[in-house]
Amino acid sequence: MKFKHLYIALLIVLVGCGKSISPVDSALDKQILHFGNGTEPQGLDPHIVTGVPEHHLLISMCEGLTISNPKGGDNLPGVAKSWSISPDGKTYTFFLNENAKWSNGDDLTAEDFVWSWMRILTPSLGSQYPDMLYYLKGAADYHQGISNDFSTVGVKAIDKHLLQVELKNPTPFFIKLLSHYSTYPVHKETVLAYGSIDDRNGQWTRPGNFVCNGPMNLKTWELNKQITVEKNPLYWDAKRVRLNEIRFYPVSNESTEDRMFRAGQLHVTNVVPLEKCPVYIEEKNPNLRIEPYMGTYFYRVNTKHPILKDKRIRLALAYAINREQIVKKVSKCGQPAAYSFTPPGSAGYEPQTNIPYDPELARSLLAEAGYANGDNFPILEILFNTQEGHRKIALAIQQMWQENLGISIQLVNQDWKVYLAREMTGDFQISRAGWIGDYEDPNTFLDLLRLNRGNNKTGWENIEYDQLLELANSTNDQVLRYEYLNQAEKLLISEMPIIPIYTYVRQYQISSDVKGWYPNIIDTHHPKYIYLERE
Amino acid sequence: MLQVILKRIAIAVPVLLIVASLTFFLVRMAPGGPFDADKVVPPQVMKNLNAVYNLDAPLLVQYKDYMLNLVQGDFGPSFRYPGRSVTEMISTGLPVTLELAFYAILVAMIVGICAGVIAAVKRNTVFDYIPMSIAMLGICMPTFLLGPLLVLIFGIQLEVLPVSGWGSLAGDKILPSITLGAAYAAYIARLSRGGMLETLNQDYIRTARAKGLPEHKVIIRHALQGGLVPVVSFLGPAIAGLIGGSFVVETIFQIPGLGRFYVEAAFNRDYTMILGTTIFFSSLIIFFNLISDIVVLLMNPRARSEA
Chain U
2 MKFKHLYIAL
12 LIVLVGCGKS
22 ISPVDSALDK
32 QILHFGNGTE
42 PQGLDPHIVT
52 GVPEHHLLIS
62 MCEGLTISNP
72 KGGDNLPGVA
82 KSWSISPDGK
92 TYTFFLNENA
102 KWSNGDDLTA
112 EDFVWSWMRI
122 LTPSLGSQYP
132 DMLYYLKGAA
142 DYHQGISNDF
152 STVGVKAIDK
162 HLLQVELKNP
172 TPFFIKLLSH
182 YSTYPVHKET
192 VLAYGSIDDR
202 NGQWTRPGNF
212 VCNGPMNLKT
222 WELNKQITVE
232 KNPLYWDAKR
242 VRLNEIRFYP
252 VSNESTEDRM
262 FRAGQLHVTN
272 VVPLEKCPVY
282 IEEKNPNLRI
292 EPYMGTYFYR
302 VNTKHPILKD
312 KRIRLALAYA
322 INREQIVKKV
332 SKCGQPAAYS
342 FTPPGSAGYE
352 PQTNIPYDPE
362 LARSLLAEAG
372 YANGDNFPIL
382 EILFNTQEGH
392 RKIALAIQQM
402 WQENLGISIQ
412 LVNQDWKVYL
422 AREMTGDFQI
432 SRAGWIGDYE
442 DPNTFLDLLR
452 LNRGNNKTGW
462 ENIEYDQLLE
472 LANSTNDQVL
482 RYEYLNQAEK
492 LLISEMPIIP
502 IYTYVRQYQI
512 SSDVKGWYPN
522 IIDTHHPKYI
532 YLERE
Chain A
14 MLQVILKRIA
24 IAVPVLLIVA
34 SLTFFLVRMA
44 PGGPFDADKV
54 VPPQVMKNLN
64 AVYNLDAPLL
74 VQYKDYMLNL
84 VQGDFGPSFR
94 YPGRSVTEMI
104 STGLPVTLEL
114 AFYAILVAMI
124 VGICAGVIAA
134 VKRNTVFDYI
144 PMSIAMLGIC
154 MPTFLLGPLL
164 VLIFGIQLEV
174 LPVSGWGSLA
184 GDKILPSITL
194 GAAYAAYIAR
204 LSRGGMLETL
214 NQDYIRTARA
224 KGLPEHKVII
234 RHALQGGLVP
244 VVSFLGPAIA
254 GLIGGSFVVE
264 TIFQIPGLGR
274 FYVEAAFNRD
284 YTMILGTTIF
294 FSSLIIFFNL
304 ISDIVVLLMN
314 PRARSEA
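Chains U and A supply the protein sequences, listed in that same order.
Be aware that the first sequence starts at 2, since it is given in our numbering, and climbs by one per residue.
Be aware that the second sequence starts at 14, since it is given in our numbering, and climbs by one per residue.
These are computed hints drawn from the structure, not numbers from a lab.
Note that the structure is predicted; figures quoted are calculated from it, not measured.
Any given hint could be a false lead.
Claimed, not checked - Covered by chain U, according to a simulated footprint, are these stretches of chain A (three or more residues, beta-carbon under 8 angstroms): (1) 39-48; (2) 158-169.
As the list claims (entries may be wrong) - Calculated from the model, a selection of chain A residues having no Cβ within reach of chain U, i.e. all distances over 10 angstroms: (3) V17; (4) I123; (5) G239.
Unchecked claim - Partial list, derived from the structure: chain A residues whose beta carbon lies under 7 angstroms from chain U: (6) V54; (7) P90; (8) G96; (9) Q267.
We put the beta carbon where it would ideally sit given N, CA and C, even for glycine.
Let the hints inform the model, and build the full structure from the sequences given.
And the structure:
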């Protein structure tokens with residue numbers, strides 16, 4: 002009997018809790034977007050941080066000269082209401098919006114951009130993205146301390162609302178760079194009120210101090226819990242902004258994020274857990290989105306390695322991988338197999354390369370290199386950072402190479418930083434890698450394998466490839482440019498210092514209440530177009 | 014007693030200095046640095062970053078600078094989160110972790126002691142077997158399994174409790190506290206059962222019963238004090254373990270506690286943060302062990318006289 006009372010009490014407590022109204026349900030009236038943002042951002046200073054969570058936050062609170070088009074394609078006006086380009090493609094004149102203001106009410110002027118770009122190029126700030134402005138005349142010299150005079154850098158305020166930029170070469174993708182947060186302006190008076198121009202630890206990014214010029218304002222920042230931004234009434238296009246608030250949650254655990262979405266605590270997730278993706282595809286989950294993404298999953302080959310410096314062996318390895326099987330049976334989340342380094346459809350660029358799955362050709366190439374049937378071939382290592390998805394792909398490739406080429410492969414997984422350190426020092430043979438484009442243009446991929454690029458890491462150097470890229474970046478004619486880039490891509494694939502595996506997709510869940518959210522290859526969803534509505 | 018406390022504090026200082034020094038050199042020996050990223054930082058930028066954080070100085074000079082700052086209570090700036098000091102991050106995460114640990118230990122003690130005492134009193138009956146079997150299950154079941162399981166039942170199926178958060182939604186502290194407390198409840202149940210069984214066989218308990226004292230008074234007024242000594246000795250390290258080991262629960266339930274900073278700092282090679290949190294957790298372990306020793310001394314006259 003005693004226990005009966007206990008059961009009744011417990012039932013009353015549970016029923017008393019009742020089914021609560023979820024945050025997603027209650028957000029409709031208030032127009033509050035609950036956003037799964039991956040990890041805690043490093044910070045909110047656009048000239049210091051790097052990373053995708055920071056990108057989501059900064060596009061809501063600040064704005065550059067242009068913004069990414071939410072439907073993909075050419076950038077749209079941001080602070081610059083229009084711009085003109087000189088016939089030689091080297092001089093850009095930006096006409097700034099007279100209504101553009103800082104969130105404290107100050108006017109936003111051309112001088113603000115000059116000072117902000119000087120800040121990011123100040124060596125002692127230690128910004129990790131100064132190269133985004135290296136396309137400007139004199140910028141690299143200033144950043145590398147060769148010149149101390151900022152007036153030699155190609156950016157000038159002609160008047161309050163007229164900004165002139167001079168480039169080293171015609172850079173057809175320059176307008177696209179200007180929506181990247183590293184080129185955003187910062188409010189000089191606020192930054193200087195909390196430190197010097199090169200102070201990395203200034204407190205100006207804290208709630209209450211933060212001043213920027215985007216559609217939203219920083220409201221609260223609770224470390225590792227949530228960041229709330231609210232509508233900025235002083236934003237020049239405020240009438241278009243329909244969301245009142247966005248709450249960013251740093252949910253690094255994919256399963257937790259999935260459960261939060263299912264319980265109505267999030268409108269948008271950052272990812273879908275690896276093991277859930279095929280299940281949701283099969284269940285035809287209406288919230289699941291799988292969209293093309295500008296990223297490539299590939300294997301990096303150390304071309305300085307005594308065996309792998311032979312092009313025929315690299316080609317044999319590439320031709321012995323059945324990519325279709327990997328995407329269908331291993332990654333299983335709608336990724337397309339990759340036959341080029343640059344993902345197809347990046348700003349209208351279609352790579353014309355192919356990497357056949359041809360075990361016979363692969364075997365003959367290996368035999369040509371002196372290893373018929375894989376005899377006497379040394380045991381090679383595939384290095385990857387510890388993650389289940391990478392391990393499964395490495396296992397599949399290990400088996401394919403064993404079956405098709407008769408060679409043995411050892412799998413080596415390492416902690417992320419150890420993996421990075423080994424790649425950096427060339428202490429690897431074959432390593433897993435991925436590359437996500439910073440802006441929508443093939444240059445963000447092909448530039449990687451040029452001479453002296455830190456991110457190359459393969460040891461591969463090809464003068465012809467470098468010249469083709471140089472030619473592509475010095476012409477104003479987009480058709481000709483893509484032709485050069487395609488030639489470079491073909492050369493790259495014929496040499497195979499990297500072995501493309503698949504093209505990334507963006508897989509996430511989104512509530513049907515979220516409107517004004519369009520798929521685009523660089524996965525940028527500008528908050529001023531997003532709103533909530535239930536059908 | 015005072016002598017014992019002073020002795021323990023005198024030992025704690027060199028222990029902490031050794032922990033700090035060992036951690037300092039160990040993290041530097043680990044491959045990879047705080048600014049290594051997928052997109053390689055250009056050498057010029059790396060040079061600038063190293064200069065900003067004093068990483069370009071010889072290691073021994075860095076060690077000397079760090080220790081001098083440490084003695085003055087300055088843990089330095091976080092490398093991963095520019096603009097945040099390690100002290101600020103610890104003080105942000107600590108109250109949350111302490112609160113979580115407090116609720117967890119509360120759950121553990123209420124459930125554990127009740128189950129243990131009932132099991133000891135009703136020895137070899139169903140009231141002994143069932144709680145003790147559940148306790149064994151609790152010890153075996155890891156938090157990363159129990160947490161999601163509770164979330165699935167109460168958060169997603171029944172929709173009565175939030176699946177994550179801390180202090181944002183009504184009732185969001187219940188599931189994490191139960192998850193974290195469950196394993197400790199199980200330990201406490203077994204310890205209190207053992208302690209109680211031993212005490213119940215003592216002569217003074219027989220005397221109390223012989224004097225005609227009702228059974229509940231015998232247990233509550235006489236047996237509990239001796240029976241719970243093993244539980245109290247366990248509580249010191251348990252609380253320190255709860256605070257330091259809440260990482261999994263914090264991750265599952267998206268709780269902004271210190272555990273997440275601690276583990277993520279190691280992955281990010283955030284040198285100052287690793288050092289700061291390690292030294293801080295070491296101090297906590299020393300402190301809670303000291304507290305638990307003092308309480309045992311107060312509860313156990315024999316130990317007091319030996320001390």
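Review point. Hints broken by the structure, by number, lowest first?
Key: none
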